[in-house]
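2 protein chains.
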Amino acid sequence: MQTSDLIKNWLEQLQASGYRVTEPRRAIVELVATADHALSPIEIYDSGRREYPRLGLVTVYRTLERLEELGLVQRVHSPDGCHRYLRAFEGHQHLLICTRCGRVEMFAGDDLDPLARRVEQATGYQVEEHWLQLFGVCPLCHA
Amino acid sequence: MQTSDLIKNWLEQLQASGYRVTEPRRAIVELVATADHALSPIEIYDSGRREYPRLGLVTVYRTLERLEELGLVQRVHSPDGCHRYLRAFEGHQHLLICTRCGRVEMFAGDDLDPLARRVEQATGYQVEEHWLQLFGVCPLCHA
DNA sequence: CTTGTATTGAAAATCATTTTCAATTAAAAT
DNA sequence: ATTTTAATTGAAAATGATTTTCAATACAAG
Ligand SMILES: [Mn+2]
Ligand SMILES: [Mn+2]
Ligand SMILES: [Zn+2]
Ligand SMILES: [Zn+2]
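Chains A and S supply the protein sequences, listed in that same order. Sequential numbering of the first sequence, starting at 1, is according to our numbering. Sequential numbering of the second sequence, starting at 1, is according to our numbering.
Bear in mind the hints are in silico, worked out from the structure with no lab data behind them. Do not take every clue at face value.
Said to hold, decoys possible - A few chain S residues facing chain A, derived, Cβ under 10 Å: (1) G91; (2) H94; (3) Q126; (4) F135.
As the list claims (entries may be wrong) - With the C-beta cut set under 10 Å, the calculated list includes, among others, these residues of chain S facing chain A: (5) S40; (6) E43; (7) S47; (8) R50; (9) G102; (10) L115; (11) V119; (12) E120; (13) W131; (14) Q133; (15) L134; (16) G136; (17) L140; (18) A143.
Since the structure is predicted, the reported quantities are computational estimates derived from the model, not experimental observations. Don't be surprised by glycine CBs; every beta carbon is placed ideally from N, CA and C.
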């Protein structure tokens with residue numbers, strides 16, 4: 001899908017879910033849908049204001065909340081506790097984050113189900129969710 | 001090891017590393033070394049003040065920093081971004097956290113190396129670290 | 001175009017964490 | 001035991017991320 005189509009698609013999904021398509025939301029969606037790395041709310045705010053100067057940081061937070069609800073973006077947890085937001089990809093995916101530049105790659109194919117089942121057996125817990133992130137250095141940062 | 005020995009051991013390790021053994025540190029170590037679930041700084045502060053009423057929250061943060069440096073406690077990352085602290089166990093361990101009551105279990109035996117190597121091949125990244133947490137409901141919370 | 005309501009953003013509030021700094025205290029040196 | 005000295009402490013203020021409040025605004029339905 002073209003990025004322009006992706007943007008249009010996200011806006012349609014917002015509308016189809018009963019939300020309104022507004023200028024600030026347009027600016028935020030444009031940024032997040034086309035970004036190649038995970039963005040922090042402040043980054044989105046700063047870049048977004050170039051497109052739509054009256055944008056408020058509160059609206060950034062609120063819009064990201066909506067987009068997360070709709071499964072269009074996913075939260076990236078940083079070791080320091082802050083959050084970044086990234087376009088959600090299809091299927092079951094996890095993240096590989098460059099500790100130098102913040103670039104993010106997705107990967108699939110982890111099969112944690114056997115592990116989860118073994119842990120359930122051992123502990124009596126009912127495992128509901130798992131959280132897996134890899135950290136490393138991207139090829140571009142090897143120089 | 002008995003819990004009293006564990007406490008003594010931690011205090012000795014602090015001293016051996018050139019740190020002083022103080023009343024506030026004693027109170028914090030007592031709590032964290034014997035806790036059965038991950039504690040937040042505020043929880044440690046509140047409980048700690050019963051033992052040593054002049055305890056300051058700043059000291060809780062600073063002491064946890066020291067204990068983490070020494071490898072005695074480990075940080076637990078919550079979905080909301082806040083941190084809790086838990087006695088560090090031996091060897092390569094991961095966490096299973098009860099989403100209801102906060103109880104924490106450790107588990108070992110994940111073999112993520114094949115996955116990490118496959119992802120390295122696919123992306124060109126050099127994987128340095130992984131971060132795995134399971135979330136679920138503990139047996140006691142099934143009622 | 002009018003209307004009703006979702007949405008917005010400025011400002012203030014909240015919450016976790018860090019910094020500053022003068023007073024205190026543990027432990028090494030007398 | 002007393003002195004000395006640097007590490008440690010905690011109150012208060014600063015910081016940074018996120019949330020709440022609320023009156024003004026703008027989308028989209030009619
Ligand atoms: Mn997975
Ligand atoms: Mn592991
Ligand atoms: Zn990089
Ligand atoms: Zn539980």
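Structure-based check of all given hints:
Checking G91 of chain S against chain A by beta carbon gives a least distance of about 15 Å; that is not within 10 Å, so the hint is violated. The restraint placing H94 of chain S at the interface with chain A holds, with a minimum CB-CB distance near 9 Å, inside the 10 Å limit. Against a cut-off of 10 Å between C-beta atoms, the interface hint on Q126 of chain S holds, since the closest Cβ of chain A lies about 5 Å away. Checking F135 of chain S against chain A by beta carbon gives a least distance of about 4 Å; that is within 10 Å, so the hint holds.
Interface restraint check: S40 of chain S against chain A, minimum CB-CB distance 12 Å, threshold 10 Å, status violated. Look at E43 of chain S: its Cβ only gets to about 17 Å from chain A, farther than 10 Å, so that hint breaks. Interface restraint check: S47 of chain S against chain A, minimum CB-CB distance 22 Å, threshold 10 Å, status violated. The beta carbon of R50 of chain S is not positioned within 10 Å of any beta carbon in chain A (closest approach about 27 Å), and the interface hint is therefore violated.
A cut of 10 Å between beta carbons decides the hint on G102 of chain S: the least distance to chain A is about 13 Å, and the hint is violated. Hint status for L115 of chain S: holds, given a least beta-carbon distance of 5 Å to chain A, under 10 Å. A hinted interface residue such as V119 of chain S counts as satisfied when its beta carbon comes closer than 10 Å to some beta carbon of chain A; here the least separation is about 5 Å, so the hint holds. Checking E120 of chain S against chain A: minimum C-beta separation of about 8 Å stays under 10 Å; hint holds.
Because the smallest distance between the Cβ of W131 of chain S and any Cβ of chain A comes to about 5 Å, under 10 Å, the interface hint for this residue holds. Interface hint at Q133 of chain S: satisfied, since its Cβ lies 5 Å from the closest Cβ of chain A, which is below the 10 Å cut-off. With a cut of 10 Å, the hint placing L134 of chain S at the interface with chain A holds, because the nearest CB-to-CB distance is about 5 Å. Interface restraint check: G136 of chain S against chain A, minimum CB-CB distance 4 Å, threshold 10 Å, status holds.
The closest approach between the C-beta of L140 of chain S and any C-beta of chain A is roughly 9 Å, which is under the 10 Å cut-off, so the hint is satisfied. For A143 of chain S, the suggested interface contact is broken, since its CB lies about 13 Å from the closest CB of chain A, more than 10 Å.
In this structure, the earlier hints numbered 1, 5, 6, 7, 8, 9 and 18 are contradicted, and the remaining ones agree with it.
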